[in-house]
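Protein chains: 2
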Amino acid sequence: MERIILAHGSGGRLHHQLIQEVFLGGLENRTLGELLDAAIIDPPAGQRMAFSTDSFVIDPPFFPGGDIGCLSVYGTTNDLAVSGARPRFLSAGFIIEEGFLIDDLKRVVASMREAAERVGVEVVTGDTKVVGRGQVDKIFINTAGIGFIPSGVELSPLRIKAGDQVIVSGTLGDHGLAILGQREGLSFSTPVVSDCGPVAGLARALLGEDPAQVRCMRDPTRGGLATTLNELAQQGRVAIRVDEERIPVLPAVRGACAMLGLDPMYLANEGKLVAVVAAERAEEMLRRLRSVKGGERAGLIGEVTDGSPGLVLRRTALGVERVMGMLEGEILPRIC
Amino acid sequence: MERIILAHGSGGRLHHQLIQEVFLGGLENRTLGELLDAAIIDPPAGQRMAFSTDSFVIDPPFFPGGDIGCLSVYGTTNDLAVSGARPRFLSAGFIIEEGFLIDDLKRVVASMREAAERVGVEVVTGDTKVVGRGQVDKIFINTAGIGFIPSGVELSPLRIKAGDQVIVSGTLGDHGLAILGQREGLSFSTPVVSDCGPVAGLARALLGEDPAQVRCMRDPTRGGLATTLNELAQQGRVAIRVDEERIPVLPAVRGACAMLGLDPMYLANEGKLVAVVAAERAEEMLRRLRSVKGGERAGLIGEVTDGSPGLVLRRTALGVERVMGMLEGEILPRIC
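Residue numbers (this note's numbering), protein chains in the order written: chain A, 8 to 343; chain B, 8 to 343.
Careful, some of the hints might be misleading.
You can't tell identical chains apart in this list, so a pair holds if it fits in one copy or across any two.
Taking lysine to any residue and the SDA-like style, the derived pairs with C-alpha atoms no more than 25 Å apart in a straight line are [claimed, not checked]:
1) Lys113 to Pro255
2) Lys168 to Leu42
3) Lys168 to Arg37
4) Lys300 to Gln24
5) Lys168 to Gln142
If you're looking for bench data, these hints aren't it; they were derived computationally from the structure.
Small disclaimer: the values here were computed from a predicted structure and weren't measured.
Given only the sequences and the hints, what does the whole structure look like? Please build it.
Laid out in structure tokens, this is it:
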């Protein structure tokens with residue numbers, strides 16, 4: 008059989024075959040292989056747990072730099088990592104359109120597995136639904152993740168205070184622009200690929216031996232850096248000011264954004280983290296971050312001030328300060 | 008605003024408003040209210056954990072006896088309960104079609120909350136995506152759940168042995184027939200409503216003080232009782248024989264199935280459990296089950312035999328034995 012049919016989602020014989028051949032074969036691990044209604048896990052003693060979920064509806068499902076499979080692993084495990092947790096377990100719920108190519112599903116599952124191995128998590132439980140043609144666009148995946156938080160890690164926007172520094176782990180806007188380019192058939196003189204990748208290693212490097220100096224971390228996905236900073240400012244009841252000149256943006260992204268009238272501060276990222284850290288340790292943390300794969304272009308981009316709580320300002324190259332609000336409206340639906 | 012628009016899924020300002028107004032208001036609890044990337048949970052010391060997920064794509068989303076909201080809570084917490092766990096935490100991922108009525112979304116969320124309170128779980132983390140018209144059919148929900156397993160509970164199909172008895176907690180086929188009736192515009196002389204409900208209380212009653220006497224539990228959803236018994240027989244490497252006459256089926260369901268040429272053994276259920284238990288305690292367990300709300304019509308329906316591993320037989324009223332295989336093909340897509 009070449010394509011998914013409704014009976015693959017029936018719970019019956021073809022459903023069991025699909026699970027055996029595609030999912031168990033592709034995601035091989037002992038817990039998933041037991042095929043129970045729930046995965047049974049022994050949590051490590053005395054650690055708090057982080058629990059997060061994300062649905063992935065990205066269009067197109069295969070894009071420059073990744074696909075919906077690895078994205079569904081990185082997206083959820085990145086949320087766990089910026090919460091200070093070591094990601095460990097994932098669930099995966101697939102909703103597939105009748106007629107989807109089984110070979111494409113295998114590609115997606117192989118990509119999930121590779122990503123899971125890179126992050127050090129296992130997909131231990133799952134679910135597959137098939138819906139008729141036109142009732143879902145190709146394939147949607149939901150993952151939920153569990154991680155465990157080492158003692159001493161206490162991240163919260165409420166710990167942010169004036170004087171703290173804002174660090175970003177790399178260049179901004181790559182994912183959003185790559186998807187836009189692919190979807191609209193744009194070609195850029197320098198190809199732009201998604202940054203879709205794990206931030207768990209970056210988070211670990213930042214937390215280092217002295218995690219108390221990291222106040223809070225986030226991953227700036229939908230809504231981009233601007234929206235993430237607004238969330239931090241509102242939840243932390245502080246003001247934040249960033250310097251545009253210090254924010255890393257790839258020349259190709261900057262150029263394309265200028266041409267298309269887009270602002271990279273609002274474009275989605277899928278492998279970046281933003282951290283608010285104690286000022287006295289900021290330079291050292293930046294060095295640590297830059298020494299890790301994926302953190303080479305990390306930058307100190309701004310600071311927390313005692314301005315109006317919730318306000319985010321950007322200082323332009325000319326020294327002018329402007330309010331940088333949350334994303335209004337919708338630049339690009341189905342970005343993740 | 009009356010309807011969901013794409014910007015409600017953007018991660019930006021309207022997205023935050025929707026989360027505040029619909030989800031936080033509707034599912035109010037402290038952990039969700041912190042709006043972090045992940046919920047932070049303190050697991051109880053020394054207990055194993057069960058982790059499960061399900062996506063709900065039911066068509067129509069509102070049906071006689073329930074809706075996609077309570078179904079998404081019961082579906083996943085039932086999987087935890089039949090694994091021997093006490094359900095505690097849920098994640099919820101919503102994928103909503105542009106144009107969906109916000110009032111309908113509020114109804115769904117209110118129904119989730121009521122179901123969550125009934126089971127004793129909290130929705131602690133979530134995600135909302137909005138996709139364009141025609142890219143998803145109205146609303147899909149994924150939930151993942153975490154529960155904790157009291158010590159002494161050791162359920163596994165590998166513990167099933169010849170002589171064990173098979174118990175079902177109530178009448179079969181109600182959910183499948185209710186959905187079919189609603190979707191096809193059939194009206195039955197006695198109305199049939201979905202059994203959509205929790206099995207956690209039933210599972211607790213069965214496990215009682217001596218959980219070792221329960222070998223394994225399942226909830227017979229997609230594929231019905233026939234498919235569930237086949238899974239148990241295959242995974243447990245045993246044969247199972249059930250007596251048709253002892254299987255509880257509502258007269259209205261039996262009548263409609265006869266008329267439509269359907270077999271209630273293959274229809275989905277959403278509030279039932281099947282248990283394989285030690286023969287010497289089966290009668291006592293049945294009494295316990297019948298004393299619990301929802302278990303009044305529980306029945307002893309068959310037994311495990313030393314026949315061919317994986318074989319499931321049904322004995323008809325005339326005493327004839329027939330093979331009852333897994334569901335082949337697809338009776339009714341989008342049943343849950």
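Going through the earlier hints one by one, which of them does the structure break, listed in rising order? Violated hints: 1, 4 and 5; rest satisfied.
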